[in-house]
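The two chains are supplied separately, each in an independent frame; assemble them into the complex guided by the hints.
For reference, the chains in residue letters:
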Amino acid sequence: MNEFDILDAIGGVDEALLSRAEHRPVKKLPLRRFAIAVAAVMTLAVSVMAAPLLRELLFPTEPVQITEGGRHIYGDLYRDIDNDEYRIDLQVNSTAPLPAQIEEVRLPLYMIQNNWLVAYGEIDAVYSEGPVHFKWWDRSSSKWVTFEQKCIPEGRTSFSLETYHGAELSRETVTIDNMELIYYTIPSYHNHETWEFYPRETAVYWSDGEYAYHLQSSFDIALEELARIVQSVATVEDVTPYLKDDPNNNGLFIEGPPLDVHRMPTAIPAGFELKVCADNDWHVQWIWENDLGHTIWFSEAHSHLYTDLFTVEQYSNHPGYSQEELQIDGQTVYSIQFSGRRWLLWEDGNYCDHPDVPIPYGHTYDLWWEGDDTVTTGDLLKIMESVVEVEDISPYLTQ
Amino acid sequence: MTDEEIIGLFFARNERAITESQRRYGGYCRSLAARMLRSPQDVEEVLSDTWLKAWQSIPPNRPQDLKLYFARISRNLSCNRLREGTAAKRFCGMDAVLDELAECLPGGVSPESEVSAAQLQEAINRFLRSLPRAECDLFLRRYFHAESLETIARAYGLRKNTVSVKLHRTRERLRAYLKKEGYL
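Protein chains in written order, with the numbering used here: chain E, 111 to 509; chain W, 102 to 285.
Just chain W, with the same shape it has in the complex (with noise of 0.2 Å):
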């Protein structure tokens, strides 16, 4: 069945919708809360909020790109059981990920600082636009979709050294830019 279909089904508020979702992207969406929670439990749990959440947005919506549509909201939950310390004990990995966009901060957290969600995220797009496309993608496969710097290097057979330096530059440029533009 094709993107196009499901979207359909979705549409026309037909359940099967859920059913053919989970068998096109119920893997691609599990492997991403995966690398960011360590529980299976948590990722179950996330994987249902996932179709839910999915079945409550479209309509009104409709996903250009469904598969990035449902990580988008797989992450997104993932996201928030870290956030909330829902989750069970962090995945190291994840761990890692976290400290490496603190070095991003100055002394690590800067609680005074209230910025809105959006206009955040408004200014690290605009960021991540000025990046060679290189380097742009090597950022989103670790923080968005938390790939091992290991999985990153051998995709891009480069030396997992290589991309640690290239995202810690990365980071520094987000830094800069970010107190330039005033939301440090």
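In isolation and in its complexed conformation, chain E is listed as follows (with noise of 0.2 Å):
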């Protein structure tokens, strides 16, 4: 057996796996209905007016050269329209070699020196691996602004710019000292269906002819301040100062200790048979799987409700979707419905601590029903309050 086999192997994965992997999770923002209400109409007129013209101008089949003169920076723009996403490929004329790879750690010293951003912000960085990524970030207000520094093996490099479903981009083009900026703004966006609004965002791409730099901001940038950041960018001898830990990251995998008692559903409706009892600690995950296909999954974790309600989010923007808090004995139970799948997310609401977790964790619950539309709410509703205690779940489980 090699990685090719275990490659191909997962070209044969479920389908309902895929599927749910082929929605992203969404970021939501707060409501601005009269905002989002006044961009809706801004943006449609101006995307079914400029559209064609932009087209022509964005999506260009050749390398386009930007510019001349001083060093060059060609720009290659791919549109992957279902993965919302161009992705830009960039050449760079040098007369000296290029690393390849990064050698010295280039950061834009200005925004650092002046806390550029805003009082408070936070500079969050990944230096691991890759390209030299770092990320300026204000809670209070919601801005960012990201820096990368990419090398440039054999002349070209490329960047993923992720988009929003139906943002077009628009493009031009800067010289400060004599090098050449492609500048990119990406519209605000609004999802009539979810009424999400995502603002805009520009990114500026340039290179000092050694490296190829990134900055891409959640606000418009002056030219003044763009002028500034990109003149300040110098090598740092030691990069450690700059290297911090972002303590709230990530909403998505909060991973609590180990589970210490474990629990499970009583009432699995006839013709159902457990399938799968997997213990990863923190987790366990039950499946069982009639004769027709469908599927009732039932976990248990240490963890936080909110990351979950964070990957249910991935889910709003299906046809059909609903969700609804409902009582049930004094606890918030969250039902979300589409099509063919029921979701009840619970928890017990005793949060503890933990050193090892960044935030309090408590034991959540998960009833997923995978089938057709003949399940309701209060079939889900009945085998969540027959979950009880198991002492000991090792004869169920299946790995």
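Just so you know, not all the hints are guaranteed correct.
[To be verified] Stretch-level coverage of chain W by chain E, calculated; a stretch enters the list once three of its residues show a Cβ under 8 Å from a Cβ in chain E:
| id | stretch |
| --- | --- |
| 1 | 142-152 |
| 2 | 225-236 |
[To be verified] SDA-like, lysine to any residue: derived pairs with alpha carbons at most 25 Å apart:
| id | chain 1 | residue 1 | chain 2 | residue 2 |
| --- | --- | --- | --- | --- |
| 3 | E | K385 | W | R117 |
| 4 | W | K280 | E | N390 |
| 5 | E | K260 | E | P368 |
| 6 | E | K385 | W | C237 |
| 7 | E | K385 | W | R230 |
| 8 | W | K281 | E | Y506 |
| 9 | E | K245 | E | S298 |
| 10 | W | K280 | E | P368 |
| 11 | E | K260 | E | N288 |
| 12 | W | K281 | E | W407 |
| 13 | E | K385 | W | A224 |
| 14 | E | K385 | E | S328 |
In short, the hints are calculated from the structure, not lab data. Computed from a prediction, not measured in an experiment: that's the story for all the values here. For every residue, glycine included, the Cβ atom is placed at its ideal position computed from N, Cα and C.
Laid out in structure tokens, this is it:
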């Protein structure tokens, strides 16, 4: 067996699992209905009027040389419509040999020295692999800026620029210090179905002839400020002082300590057979299946309910999606449904602290039905109410 | 045109099925193949073969999810090219994906293990179904869709390093699982 066998085997994975992974989580922002309505109308109008021209300008099939003179930067832009993503392939001409890997870390010192973003801004850096990546983030205003440094093997390098469905880029070039910058603007976008609103973003790419740089922000950067940032990019001897973990990072994967108590539902409908019972320490997964291929998934975890609700959001753009909060014996139960799926989420509400877990954790539960629409939320609530403590789950473990 | 209508064209042996499939899912399949193969020529050949395979297999197959059906064909054809070495110079991103998967094997490769593809596929399905939902999604985005760590990180609001660590842990679990089940 080799890695290709595993790659092939992953190619045959269940459609249900693939379908689930296809829907990316959506980062929700507070609803601002008035702003959203205005933005929607404006975006629609601009898109309708400008789309054909922009398409012609934005999707050249051949590399386009942006400017001449000084250091050259060429840009190919490819759009992956289904993934809402653009790939930007940059080519840089340089008379000196280009380093094959990042040998010197370069940072925009102006931003660091002037605490440029805002007071209370945070710096978050990923430096352990790949390109140098820094992020400044002000939680109070939700403003952020990212800075990336990449090497340019063989004179070419590429960046991915994620956009939102329906958003069209506009591009212009700016010259600073004989360096050509490619400047993209991603307009704000409103999803009419989910009432989600994504603010406008800007992305700037340039090269100093050795490395390529990418600056992306959640707001417009004035040209004078951009010039100061670009001019301040310099080698830092020791990057350590700038590397900080974000203690509140990632709402998705918060693993608690191993579960000390296990529970399982006892009112599984007739015809269902236990297929999976897997203990992943902080998370136990149970799956039953019937002859029709309908499945019931039950999981308990040491986690925080909001991490599960974060996961739920990836389904919010499904047709027929609805979510409601139920009160069952004084306990809040989140009920989600969309075509062929029913989902209940709840927790015991007793949070504990643990030195290895960044936020308080509790016992959370998740009951998921996948099959058809014959099962109601009421049916699922009956299964939920049948959940009891199990002293020992080892007889049930399937792996 | 809806998926159902396109499938109807396939069943009616109407060649417009190919045109409509290309129009609706050509970009999606192209980007998937392009993430795995470096050469645009390989990508275009995989795409052509995708429509041919679809034409040959629908009917009798009636896909539940046409997009994933095409994705699976494109991906598997791309894998074949990588495996057979017929693809032009491998894309560096895919090198990383394969290197990561090799970590699931003792010493990288286990040539003496004779496991059928179907058995391994079923084992991986069982493994993935046992994972927490989000970890399973991450795994598939990386190893089915061959998405870069940066792309996954942005999609999930995570740091790239976090994604890397999560995937590493899942691969370790997969390795332990395959060993326990007697595949390694």
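These are the hints, each one checked on the structure:
With 0 residues having a beta carbon nearer than 8 Å to a beta carbon of chain E, the stretch 142-152 of chain W misses the requirement of three or more and the stated coverage is violated. For a cut-off of 8 Å, the count of residues in the stretch 225-236 of chain W with a CB near a CB of chain E stands at 12, and the three-residue condition holds. Between K385/E and R117/W the alpha-carbon distance is near 42 Å, which puts this suggested pair outside the 25 Å criterion. Between K280/W and N390/E the CA atoms are separated by roughly 16 Å; this keeps the pair inside 25 Å, and the hint holds.
Taking the CA atoms of K260/E and P368/E, the gap is near 40 Å; set against the 25 Å cutoff, the hint is violated. Proposed proximity of K385/E and C237/W is supported: the alpha carbons are some 17 Å apart, at most 25 Å. Between the alpha carbons of K385/E and R230/W the distance comes to roughly 10 Å, so the proposed pair stays at or under 25 Å and holds. Among the hinted pairs, K281/W with Y506/E is consistent with the structure: their alpha-carbon atoms are about 17 Å apart, no more than 25 Å.
In summary, the hint linking K245/E to S298/E is supported, as the alpha carbons are separated by about 21 Å, within the 25 Å threshold. Distance check on the hinted pair: K280/W and P368/E sit about 23 Å apart at the alpha-carbon level, within 25 Å; holds. At roughly 20 Å between alpha-carbon atoms, K260/E and N288/E fall within 25 Å of each other, so this suggested pair holds. Using a Cα cut-off of 25 Å, the hinted pair K281/W and W407/E holds, with the two alpha carbons roughly 23 Å apart.
For the given pair, K385/E sits about 12 Å from A224/W by alpha-carbon distance, which is consistent with the 25 Å threshold. Taken as a hint, the K385/E and S328/E pair is broken in the structure, with Cα atoms around 46 Å apart against an allowance of 25 Å.
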